[in-house]
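Student: As you go down the protein sequences, you meet chains W and L in turn. Numbering (our numbering) for the first sequence: 1 to 113. Numbering (our numbering) for the second sequence: 1001 to 1117.
Quick caveat, the hints were computed from the structure, so don't treat them as lab data. Predicted model only: the values in this text are computed from it and were never measured. Accuracy of the hints is not assured; some may be wrong.
As the list claims (entries may be wrong) - DEER-style ranges, computed between Cβ atoms:
id	chain 1	residue 1	chain 2	residue 2	range
1	W	Pro40	L	Gly1028	22 to 32 Å
2	L	Ser1020	W	Leu56	43 to 53 Å
3	L	Ser1062	W	Gly16	21 to 31 Å
4	W	Ile60	L	Pro1096	30 to 40 Å
5	L	Lys1022	W	Ser70	38 to 48 Å
6	L	Ser1020	W	Ser52	33 to 43 Å
7	W	Glu66	L	Pro1096	25 to 35 Å
8	L	Lys1022	W	Gly41	11 to 21 Å
9	W	Lys68	L	Leu1117	22 to 32 Å
10	L	Asn1017	W	Ser80	46 to 56 Å
Think of the CB as a built atom: it goes at the ideal place given N, C-alpha and C, for glycine as much as any other residue.
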Amino acid sequence: AQSVTQPDIHITVSEGASLELRCNYSYGATPYLFWYVQSPGQGLQLLLKYFSGDTLVQGIKGFEAEFKRSQSSFNLRKPSVHWSDAAEYFCAVEGNAGNMLTFGGGTRLMVKP
Amino acid sequence: DTEVTQTPKHLVMGMTNKKSLKCEQHMGHRAMYWYKQKAKKPPELMFVYSYEKLSINESVPSRFSPECPNSSLLNLHLHALQPEDSALYLCASSPPGQGASNTGELFFGEGSRLTVL
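Generate coordinates for the entire structure from the input sequences, incorporating the hints supplied.
Tutor: Laid out in structure tokens, this is it:
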């Protein structure tokens, strides 16, 4: 069975600073990987996804993520954080063969002015 | 239309009440999902409907009863709930997957916040 770990429960960065949110997965083969964002009181919105091919994927809102098979990681990055990026970020993994999406525990991002 | 619409946004009910949560999408998606999300936790899958048939029930108590009347609508009927069922209930839908992916991208509604007194 697949699993996802987001080691950082909370992260605080200053506006304009760079951001990296960590995600590690456990799965026997190459999984399908996703990052979702959830603003307070809202549903989840997909930022980006990795299925195959180029291991650096670009998403919406200036986010990108890099799949590193050797480290079983799919970290999310943004070069310059905006105050509106404050939200909860969920990494998710889906194995093939009909498995459902498994979410990590989430990382709450706070942005200082 | 790329929205998943959930009603009501907020619901307060007693333990003896019967109520329903509703979800609607007009994107032509044939898979629809109910998730439960407690505060500061990730969403937990409850049910999956594929082509209007229940395909996954994650051992959810029978006081939660899903229904998929047609390809655009998904209901969650609630009866005799407990206070610990208070949570944000999220509906999602997904198009046919890419490659071997079963779900592809999930499109979420904003959720129905349920409080059980």
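Student: All hints, please: hold or fail.
Tutor: Cross-check of the supplied hints:
A C-beta distance of roughly 30 Å is found between Pro40 (chain W) and Gly1028 (chain L), which places it inside the suggested range of 22 to 32 Å. For the pair Ser1020 (chain L) and Leu56 (chain W), the beta carbons lie near 44 Å from each other, so the given range of 43 to 53 Å is met. A hinted range of 21 to 31 Å is violated for the C-beta pair Ser1062 (chain L) and Gly16 (chain W), which are about 52 Å apart. Hint check: Ile60 (chain W) to Pro1096 (chain L), Cβ distance near 21 Å, so the stated range 30 to 40 Å is violated.
Distance hint check for Lys1022 (chain L) and Ser70 (chain W): the Cβ-Cβ separation is about 46 Å, which falls inside the suggested range of 38 to 48 Å. Look at Ser1020 (chain L) against Ser52 (chain W): about 40 Å separates their beta carbons, and that is inside 33 to 43 Å. Between Glu66 (chain W) and Pro1096 (chain L), the C-beta spacing of about 27 Å keeps the proposed range 25 to 35 Å intact. With their beta carbons about 18 Å apart, Lys1022 (chain L) and Gly41 (chain W) fall inside the hinted range of 11 to 21 Å.
A C-beta distance of roughly 48 Å is found between Lys68 (chain W) and Leu1117 (chain L), which places it outside the suggested range of 22 to 32 Å. Asn1017 (chain L) and Ser80 (chain W) have their C-beta atoms about 49 Å apart, which keeps the hinted 46 to 56 Å range intact.
Consistency note: the structure conflicts with the earlier hints numbered 3, 4 and 9.
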